[in-house]
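These are the residues of each chain, in order.
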Amino acid sequence: MGKRKGYFGEYGGCFVPETLMPALEELEKAFYRAKIDKNFNEEFESLLKDYVGRPTPLYFAQRLTEHLGGAKIYLKREDLAHTGAHKINNALGQALLAKRLMKKQRIIAETGAGQHGVATATGAALVGLSCDIYMGTEDIRRQKLNVFRMNLLGANVISVDTGSKTLKDAINEALRDWTTNVRTTHYVLGTVFGPHPYPLLVRYFQSIIGREAKKQIIQKEGKLPHCLIACVGGGSNSIGLFSAFLKDNVKMIGVEAGGKGIQTGFHAARFAGGAKGIFQGCLSYVLEDEDGNILETHSVSAGLDYASVGPEHAYLRDTGRVIYTYATDEEALEAFELLSRLEGIIPALESAHALAEAIKIAPKMSKDSIIIVNLSGRGDKDVQEVARIKGISL
Amino acid sequence: MKGFAVRKKLEEVKKQGKKAFIPYIMAGDPSLEETARRLKLLSEAGADLIELGVPFTDPLADGPTIQRAAERALKSGTTLRKILNFLNEIKEEITTPIILMTYLNPVFCYGIEKFFKDAKEAKVAGVIFPDLTVEESEKYRTFAGKYCIDTIFLVAPTSTSERVKKIVKASTGFVYYVSITGITGSQLKLDNTFMEHIDFVKSLGKPVCVGFGVSKPEEASYVAQFADGVIVGSAIVKVFHETPEKALNFIKSLREAI
Ligand SMILES: Cc1ncc(COP(=O)(O)O)c(C=O)c1O
Numbered sequence: 001m002g003k004r005k006g007y008f009g010e011y012g013g014c015f016v017p018e019t020l021m022p023a024l025e026e027l028e029k030a031f032y033r034a035k036i037d038k039n040f041n042e043e044f045e046s047l048l049k050d051y052v053g054r055p056t057p058l059y060f061a062q063r064l065t066e067h068l069g070g071a072k073i074y075l076k077r078e079d080l081a082h083t084g085a086h087k088i089n090n091a092l093g094q095a096l097l098a099k100r101l102m103k104k105q106r107i108i109a110e111t112g113a114g115q116h117g118v119a120t121a122t123g124a125a126l127v128g129l130s131c132d133i134y135m136g137t138e139d140i141r142r143q144k145l146n147v148f149r150m151n152l153l154g155a156n157v158i159s160v161d162t163g164s165k166t167l168k169d170a171i172n173e174a175l176r177d178w179t180t181n182v183r184t185t186h187y188v189l190g191t192v193f194g195p196h197p198y199p200l201l202v203r204y205f206q207s208i209i210g211r212e213a214k215k216q217i218i219q220k221e222g223k224l225p226h227c228l229i230a231c232v233g234g235g236s237n238s239i240g241l242f243s244a245f246l247k248d249n250v251k252m253i254g255v256e257a258g259g260k261g262i263q264t265g266f267h268a269a270r271f272a273g274g275a276k277g278i279f280q281g282c283l284s285y286v287l288e289d290e291d292g293n294i295l296e297t298h299s300v301s302a303g304l305d306y307a308s309v310g311p312e313h314a315y316l317r318d319t320g321r322v323i324y325t326y327a328t329d330e331e332a333l334e335a336f337e338l339l340s341r342l343e344g345i346i347p348a349l350e351s352a353h354a355l356a357e358a359i360k361i362a363p364k365m366s367k368d369s370i371i372i373v374n375l376s377g378r379g380d381k382d383v384q385e386v387a388r389i390k391g392i393s394l
Numbered sequence: 001m002k003g004f005a006v007r008k009k010l011e012e013v014k015k016q017g018k019k020a021f022i023p024y025i026m027a028g029d030p031s032l033e034e035t036a037r038r039l040k041l042l043s044e045a046g047a048d049l050i051e052l053g054v055p056f057t058d059p060l061a062d063g064p065t066i067q068r069a070a071e072r073a074l075k076s077g078t079t080l081r082k083i084l085n086f087l088n089e090i091k092e093e094i095t096t097p098i099i100l101m102t103y104l105n106p107v108f109c110y111g112i113e114k115f116f117k118d119a120k121e122a123k124v125a126g127v128i129f130p131d132l133t134v135e136e137s138e139k140y141r142t143f144a145g146k147y148c149i150d151t152i153f154l155v156a157p158t159s160t161s162e163r164v165k166k167i168v169k170a171s172t173g174f175v176y177y178v179s180i181t182g183i184t185g186s187q188l189k190l191d192n193t194f195m196e197h198i199d200f201v202k203s204l205g206k207p208v209c210v211g212f213g214v215s216k217p218e219e220a221s222y223v224a225q226f227a228d229g230v231i232v233g234s235a236i237v238k239v240f241h242e243t244p245e246k247a248l249n250f251i252k253s254l255r256e257a258i
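Same order as they appear, the protein sequences are chains W and D.
With full-length UniProt numbering applied, the first sequence covers 1 to 394.
With full-length UniProt numbering applied, the second sequence covers 1 to 258.
Simulated from the structure, these hints should not be mistaken for lab results.
Please note that the accuracy of each hint is not assured.
Stated by the list, open to error - No more than 25 angstroms apart at the CA atoms, straight line, and that leaves these computed lysine-lysine pairs for DSS-like:
1) D:K166 x W:K29
2) W:K5 x D:K15
3) D:K8 x D:K189
4) D:K165 x W:K5
5) D:K15 x D:K206
6) W:K276 x D:K165
7) D:K75 x W:K276
8) W:K276 x D:K139
9) W:K276 x D:K114
10) D:K166 x W:K5
11) W:K165 x D:K165
12) D:K82 x W:K276
13) D:K169 x W:K5
14) D:K8 x D:K166
Remember, it's a predicted structure, so these values are computed and weren't measured experimentally.
Modelling step: build the complete structure from the supplied sequences, incorporating the hints.
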């Protein structure tokens, strides 16, 4: 953390219309209160256990390991969490915060892959808040199943047809809604991004992933892993995993969406193809043109298809603590199929990006080294889209 | 004219016992040549200051009218760089002080100091950054001061008195009072808490102009009763785009109402 409030080195900050500032100040206060509030934390932890199903297992992927012939590969099974992805940890935490500590009546959220939308709708149903979810029309097309799930859960999905019709446009609309209804509404941002205190708040709720993984690997192997790998959309599942190991001698790799390749311009690899910029509330790496306008992105995976990245990641990259790379659509699709065949686990396309990196590096590592891949979510939501890409009609 | 022209202009207007009329248009919508014509028209129709928008791909404080104007402007290839060059070329022809309204990222990418330096060169009188909070503004204000450009910050109905004090202090041109919790182009609704709040803002001694949601002469006239100036954005952008032949009369009617 940097010295200035809400900064990670030079990244982060709070760049929003003034109308939202009092709400962000209120949220910051509620967050600091929640951190030390025994009742709140007890309720949250008991929900994580009995409702979400935590701790999620750390699974040794024996067949994948044998197939690759190098490092032992463990999967942190966030796909087994209720609603099928890590997003539930944060959504539940924020829904509880909105209801118990901020006394809000309504929550809103943005969603790309739909997982955060489903998680937020679930949190809203559980604590009894009304819920609207913003989603780009392109993502609605790609993630129909999740749209239906949100509706079943009682949430209203509002389609966003502006710009690239994906996650960034959904965030703009959610911010506009929040600006209009800020007195009664809490905005459940889905990742470690946006204005302070969101990057810290979301990390707090997701840090459970890393704490569990650390305990589990020591139980199973008696030592720390050599390497952690996670995909990076906004960066919440990766920060969740990494945060518990930042002070340890463990290598960490964040995998962005390489889309059709960096040279083609059709990707969402902010570190490989972006520059510093101020966007949607904070200073970080952004895909932008030289005039400061935001570029359109592309990824086969809706959850990684975003023009910017959490400010803490920008900082971790500059300091060299975490290495950032990317996997292309094609590599992710191969990993998607490989894990399904070898382990009987259909991963989310987002998580398949992290797997693709493990597939690249594991064979070059010794057999006694250990990799933990964060399996951020399950692939049920993606099977229709993958079938479409393969030209199979269901 | 030496800098801080926004402040000077408002003092002038006040001395005449009048309220300022501040129209907004988007630069480059649909082209910069047309923008030059519109700036002249606004000037001749009695604008005291003109807010000129810089198009941005993700204008999150704006409603659909201004967002679409930004899309048209981007489509015509308008960038901050081109706008500053354009203003430099026409600076002798337009005497009404111009306030640039731009999201931060174009400025950040241009280079913060270079922006203020070139803006000064182009006779830009003031700046409004809708996504710059007073907390993050120190660097921007330092350069604004160095190049004698007025900084205008926004106060919202949700702003606490603590925040209002900080914002008023940071504003050198005027304080931009956002009349509603919402985005540009929303409907105007003013209640008693609004009156109390704006009175508090005014009590801190800087000129206060009101914008967001003012779209008719009657509203402008009403708002002018308790503000030092009235800002009209979406309604003007709309009339220029949809019925340009009616623009002059509409703008004159706003001017007269204020
Ligand atoms: C399964 C899954 N993994 C990863 C992500 C990427 O988000 P983040 O980087 O914040 O974890 C998403 C986002 O929608 C997702 O649904």
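So, going through the hints one by one against the coordinates:
For the suggested pair K166 of chain D and K29 of chain W, the alpha carbons sit about 19 angstroms apart, so the restraint of at most 25 angstroms is met. Only pairs whose Cα atoms come within 25 angstroms are accepted, and K5 of chain W paired with K15 of chain D is rejected, the gap being roughly 43 angstroms. Restraint check for K8 of chain D and K189 of chain D: not satisfied, since their Cα atoms lie roughly 31 angstroms apart, outside the 25 angstroms limit. Pair hint K165 of chain D plus K5 of chain W holds up; C-alpha atoms about 20 angstroms apart against a cutoff of 25 angstroms.
Between K15 of chain D and K206 of chain D the CA atoms are separated by roughly 15 angstroms; this keeps the pair inside 25 angstroms, and the hint holds. For the proposed pair K276 of chain W and K165 of chain D, the alpha carbon gap of about 31 angstroms is over 25 angstroms, so the pair is violated. With a CA separation close to 24 angstroms, the supplied pair K75 of chain D and K276 of chain W stays within the 25 angstroms bound. Taking the CA atoms of K276 of chain W and K139 of chain D, the gap is about 17 angstroms. The hint holds against a cut of 25 angstroms.
Straight-line distance between C-alpha atoms of K276 of chain W and K114 of chain D comes to about 17 angstroms, which keeps the hinted pair within the 25 angstroms bound. A distance of roughly 17 angstroms separates the Cα atoms of K166 of chain D and K5 of chain W; the hinted pair therefore holds under the 25 angstroms criterion. Restraint check: the Cα-Cα separation between K165 of chain W and K165 of chain D comes to about 39 angstroms, which exceeds 25 angstroms; the hinted pair is violated. Taken as a hint, the K82 of chain D and K276 of chain W pair is honoured in the structure, with Cα atoms around 22 angstroms apart against an allowance of 25 angstroms.
Among the hinted pairs, K169 of chain D with K5 of chain W is consistent with the structure: their alpha-carbon atoms are about 21 angstroms apart, no more than 25 angstroms. At most 25 angstroms may separate the alpha-carbon atoms for a hinted pair to count; K8 of chain D and K166 of chain D meet this at roughly 22 angstroms.
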